[in-house]
Amino acid sequence: MQETIQTTDALSAESVKFMVDNLWILVAAALVFIMHLGFSMLEAGFVQKKNVVNILFKNVMIIAIGLLTYWIMGFNLMYPGFAEGSSGFFGFAGFGLTPGPDDMTAAYADYTYWSDFIFQAMFAATCCTIVSGAVAERIKLIPFLLFSLLFVAISYPITGAWKWGGGWLHANGFYDFAGSTLVHSVGGWGALAGIILLGARRGKYTDKGMKPIPGHSMPLAAIGVFLLWFGWYGFNGGSVLSADPELVSKVFVTTSLASAAGIIGSLIMSFILFKSYDISMVLNGALGGLVGITAGADVISVPGSVLVGLIAGFIIPLAVSFFDKLKLDDPVGATSVHLVCGIWGTLAVAIFGNKEALLIDGTQYGTFGAQLLGIAAIAVFTFVFAFVVFFIIKAIFGLRVDEQEEITGLDIGEHQMSAYSL
Amino acid sequence: MQETIQTTDALSAESVKFMVDNLWILVAAALVFIMHLGFSMLEAGFVQKKNVVNILFKNVMIIAIGLLTYWIMGFNLMYPGFAEGSSGFFGFAGFGLTPGPDDMTAAYADYTYWSDFIFQAMFAATCCTIVSGAVAERIKLIPFLLFSLLFVAISYPITGAWKWGGGWLHANGFYDFAGSTLVHSVGGWGALAGIILLGARRGKYTDKGMKPIPGHSMPLAAIGVFLLWFGWYGFNGGSVLSADPELVSKVFVTTSLASAAGIIGSLIMSFILFKSYDISMVLNGALGGLVGITAGADVISVPGSVLVGLIAGFIIPLAVSFFDKLKLDDPVGATSVHLVCGIWGTLAVAIFGNKEALLIDGTQYGTFGAQLLGIAAIAVFTFVFAFVVFFIIKAIFGLRVDEQEEITGLDIGEHQMSAYSL
Amino acid sequence: MQETIQTTDALSAESVKFMVDNLWILVAAALVFIMHLGFSMLEAGFVQKKNVVNILFKNVMIIAIGLLTYWIMGFNLMYPGFAEGSSGFFGFAGFGLTPGPDDMTAAYADYTYWSDFIFQAMFAATCCTIVSGAVAERIKLIPFLLFSLLFVAISYPITGAWKWGGGWLHANGFYDFAGSTLVHSVGGWGALAGIILLGARRGKYTDKGMKPIPGHSMPLAAIGVFLLWFGWYGFNGGSVLSADPELVSKVFVTTSLASAAGIIGSLIMSFILFKSYDISMVLNGALGGLVGITAGADVISVPGSVLVGLIAGFIIPLAVSFFDKLKLDDPVGATSVHLVCGIWGTLAVAIFGNKEALLIDGTQYGTFGAQLLGIAAIAVFTFVFAFVVFFIIKAIFGLRVDEQEEITGLDIGEHQMSAYSL
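Residue numbers (the working numbering), protein chains in the order written: chain X, 241 to 662; chain D, 241 to 662; chain L, 241 to 662.
Hints may be right or wrong, so weigh each one.
Identical copies look the same in the list; a pair holds intra-copy or inter-copy alike.
What the hints assert, rightly or not - Derived lysine-lysine pairs resembling DSS-like cross-links, with alpha carbons at most 25 Å apart:
1. Lys595 with Lys290
2. Lys515 with Lys290
3. Lys595 with Lys444
4. Lys451 with Lys289
5. Lys289 with Lys515
6. Lys567 with Lys448
7. Lys290 with Lys451
8. Lys634 with Lys595
9. Lys634 with Lys515
10. Lys565 with Lys595
11. Lys634 with Lys448
12. Lys290 with Lys567
13. Lys289 with Lys595
14. Lys595 with Lys515
15. Lys451 with Lys567
16. Lys595 with Lys567
17. Lys595 with Lys451
18. Lys448 with Lys595
Since the hints were made in silico from the structure, they are not lab data.
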């Protein structure tokens, strides 16, 4: 008898559970990876034909820079293992990855050290992708890549550590399930700093008012949004950090319905504002709903998720108009989607979040105060970081292509080639 | 000892199996989701350049409408829990979702209530997507969306309940594993009703015979078909409703080979009929094979699946010609693929299905009679429903855009924008 | 008590582990499937607008031919079950698939016979896809399909059997984890034979030197590369042949970082050589990194994988220039990516591979000698096979379209249609 049970122990249900959890984190990482194709296509679709090679090139470089810097330093900057009683503002656990056979599963109940790294690494690069769309059609290639490198290697992991690394915002009850603030707003603040320093594209804001510059391919934009939505099942679903049936299932439902409601909300508001059925608005409405539910996909009820998405959908056309009024030119609407809906989603946790589920180890997470603190602290750090980095790069190298290149297009100017040819 | 065993019970192999099954249903749901991108691209590729925004817009709205109405009422209409002795024609379990912590896993051996909902919800919207392609390039936007809303909220779940909800067709031995009839033919009948009431696109059927109107982008159509095939691994594979190794593996094989054989069949028949190597025919041949195997992917042998796919491939060019002879204009071939091959696949269960596997709890499923009954009953209900709804909408709002808008294109007419620009 | 334990035995942790492993193989097969869309888009993007239907048509046919021939004979040619003491050069286990309920799991610890078949079948077709890109824009349709049929039905499985089927290269310590040689170089050698016999496209190599023929759509090429990368998680991750947490996680990390480093390496080298930021180079750099790490993704350390990828990235622009100097015209760079980086990756196992991990059952795998033997043996067999087949087809049917058709394009010439239209 004893033997039988020992045999069972040799391959225990626990070890199979570990396999399942780990497999889900890896599949989720692959899904988050495909979001980079989603971003590439969304941005490529929304820019002019003459700037398509440039936006694709930037997106290919971003995934490379993101993964490699996260390996070199980002991961250990974001998950430094803050010591008890440390400030929780900054920590660093050394360069590279150092798993031994023994510690592979040491600190992780449900997945390997490597799975943790690759899942988190896929997230890291997304924050730069968000910036890339907003500053498109006028930023110089190398200065942008330099910014991306510093942003993803330093800024993103430091603020990430404040919550997901167990830092001071975590200690103060801030809640951000999968990154409405930690990923999306961070990208949004970087984008905002960029477009302020760059200025609008020529011809966008004229004496006679705002003149839309239509994107060159709506099918590419649609591919982008559907792939982002698809990848979001990994982004949110994987953020459960296990294959827990109840939580992952629920997150799939809230994520799906928030996106669907974002489409409806955006349709309604854009019809009210513009009296038109604008494909770019409903596409961004889906993304707004997804960004909105990201902070609380696990703690917001199903009807709550519909409301969160619907309101995010309402926000999109309003935010696009608002930034246009400020003459802040964002070709793809990244600030409206990721910054504004990222803030909304973070606050939505305080409104719609299940208070019991947010009471963890005696701490009440996700209160209004804690959410505002997190939003503000990360806003200040990220915006200042991005602004200063962009400012220094601008002073040294210049940020913006010259007038002639902007008119001819960055594809010829930076790459001596066109995206399309006979 | 007793303690050891109780510890094992705390995390039993059964509970880990539940995790695996549930995870597969969720991954399958994500795969079915990506079919909506597949449909969008297939339809966008097969329509003219001037109607691309419109078809994308409709597909974005359909997924939103599909998910939200399925949440509001569709799920409880399709899975009402028919009482013993009830007619099994109609039931409704109330609005919204109402899972408590206790009943989450109550009625489901292998996955959560939420997983069941989201997997089924992803299916629901596909039936409207099938319609959307067939009626493309001439239907008004809002009337189409109104039809979609009623079709997915009412018609699809009611006929779905007859089989998958345990209703009267199920009781009468009808077999439809993953929806050759319940999903694809349903969409096909809706499409047929629409194109009858709409009439053909201007210039398609002239005094000098049928004049093909070529689709504007074969790469988009190819993206669509490959993504549909990819998603079909979730559509059919997930329909096992567990991660059962034998069944899911087999379904992957039969699904793959039927699609491959559909390509070959369509190549042969289109070469015989038209003496050409037509990319749209082989693309639709793959889809025909997939639709064909869907009803019996679990009960048809591997060689049988090749025959089912091959015959479906033969059918595609014949059906396209047939509908053209009747002057029923379907820009993407949706009726040939989903309606005709859906019927073929449902009958194929009776021809190729393993009789032993189809003998369930003493009832012989999938006999010719039962299959014909199911095909006919769902045909009558769906076609009548769709025809009446389209008819009423036509009477009140009109269905078809005016001549000038059709010539200019629906992108400008309905959306005041173009899909492509410099 | 005894009863309780028997109940546990009825659903043991082992059987749940089998479910997880099997599910991962199936999900991996679906991911490898999507690589066919990746190849289609990469090749479509890199050819001229007038040859797009043709390249899509070939890719659709290849997946059909690949799956069906692998079912008919390839699988049993590649995994014949070499008898002890046989030469290990050639074996055949009969036509079709013959699993019974009992032997389904007999020879397979971790997955079903069907899962094994479908995962391997998805691999098989890729070798022809590699050829298809290299010979694009001038090869006749039916001769190419005939070549593909023979190549995938005979050549690929025979050399595959030498290693993965347990044949003579396996016995001699050759190591190729997921196919740098067995899949990618094999495709590359076939491609090389084809482009030698076909000659360059008209106008590529002129008296005034090489004149680039730009691809018609960089967004399609980018879609192709990202989808290939995405699918590679199944290609490499699934080649673990189980969901083993340590190995699959590690493979995800090495695969990701090698691809990222390939981008950087290619950027550096192409800037040094051409002083430009060429999108096609960084896209192929990612693929080069992926091909490079494929032979040793499981036995090369994380820093090692970065070096393997970086060097593969360096190789890409050098190899492209090298083939151009030899006037070997390859429109998509398939020989540089799959042949040269395939060889590099196979050698990289000897340089960077963990010697302990490569010591299996007392045999030291992956030595320089063994790797060179494998590369050379498979080179000779595959190149000779492909050359002879292409030569015979050329003698009987002709290989190349006539001058007028090449100028007009193969879309009109072979298919009487265009890829794009209004």
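Hint check results:
For the homomeric pair Lys595 and Lys290, neither the shortest alpha-carbon distance inside one copy (50 Å) nor that between copies (51 Å) is at most 25 Å. Proximity of Lys515 to Lys290 under the C-alpha cut-off of 25 Å is restricted to the inter-copy arrangement: shortest distance 21 Å between copies versus 30 Å within a copy. In the homo-oligomer, the alpha carbons of Lys595 and Lys444 never lie at most 25 Å apart, since the shortest distance is 46 Å inside one protomer and 61 Å across protomers. In the homo-oligomer, the alpha carbons of Lys451 and Lys289 lie at most 25 Å apart both inside one protomer (17 Å) and across protomers (24 Å), since each shortest distance falls under that limit.
Taking the shortest Cα distances, Lys289 and Lys515 sit within 25 Å of each other only across copies (23 Å), while inside one copy they are farther apart (27 Å). Taking the shortest alpha-carbon separations for Lys567 and Lys448, only the intra-copy value of 13 Å comes in at or below 25 Å, while the best inter-copy value is 50 Å. Proximity of Lys290 and Lys451 under a CA criterion of 25 Å is satisfied in both settings, with 18 Å inside one chain copy and 22 Å between copies. In this assembly of identical chains, Lys634 and Lys595 lie within 25 Å of each other by CA distance neither inside one copy nor across copies; the values are 46 Å within and 49 Å between.
When the C-alpha separation of Lys634 and Lys515 is checked against a cutoff of 25 Å, the pair qualifies only between copies, where the shortest distance is 23 Å, while the shortest distance within a copy is 40 Å. Neither within a single protomer nor between protomers do Lys565 and Lys595 lie at most 25 Å apart by alpha-carbon distance, with minima of 38 Å and 64 Å respectively. Proximity of Lys634 and Lys448 under a CA criterion of 25 Å is satisfied in neither setting, with 30 Å inside one chain copy and 42 Å between copies. Taking identical chains as interchangeable, the C-alpha atoms of Lys290 and Lys567 lie at most 25 Å apart only when both belong to the same chain, with a minimum of 23 Å there against 31 Å between chains.
For the identical chains of this complex, Lys289 and Lys595 are neighbours neither inside a copy (49 Å) nor across copies (51 Å), given an alpha-carbon limit of 25 Å. Taking identical chains as interchangeable, the C-alpha atoms of Lys595 and Lys515 are never at most 25 Å apart, the minima being 40 Å within one chain and 58 Å between chains. When the C-alpha separation of Lys451 and Lys567 is checked against a cutoff of 25 Å, the pair qualifies only within one copy, where the shortest distance is 11 Å, while the shortest distance between copies is 44 Å. Taking the shortest alpha-carbon separations for Lys595 and Lys567, neither the intra-copy value of 40 Å nor the inter-copy value of 61 Å comes in at or below 25 Å.
Proximity of Lys595 to Lys451 under the C-alpha cut-off of 25 Å is found in neither arrangement, the shortest distances being 46 Å within a copy and 64 Å between copies. Taking identical chains as interchangeable, the C-alpha atoms of Lys448 and Lys595 are never at most 25 Å apart, the minima being 50 Å within one chain and 71 Å between chains.
Violated hints, in rising order: 1, 3, 8, 10, 11, 13, 14, 16, 17 and 18; the structure is consistent with all others.
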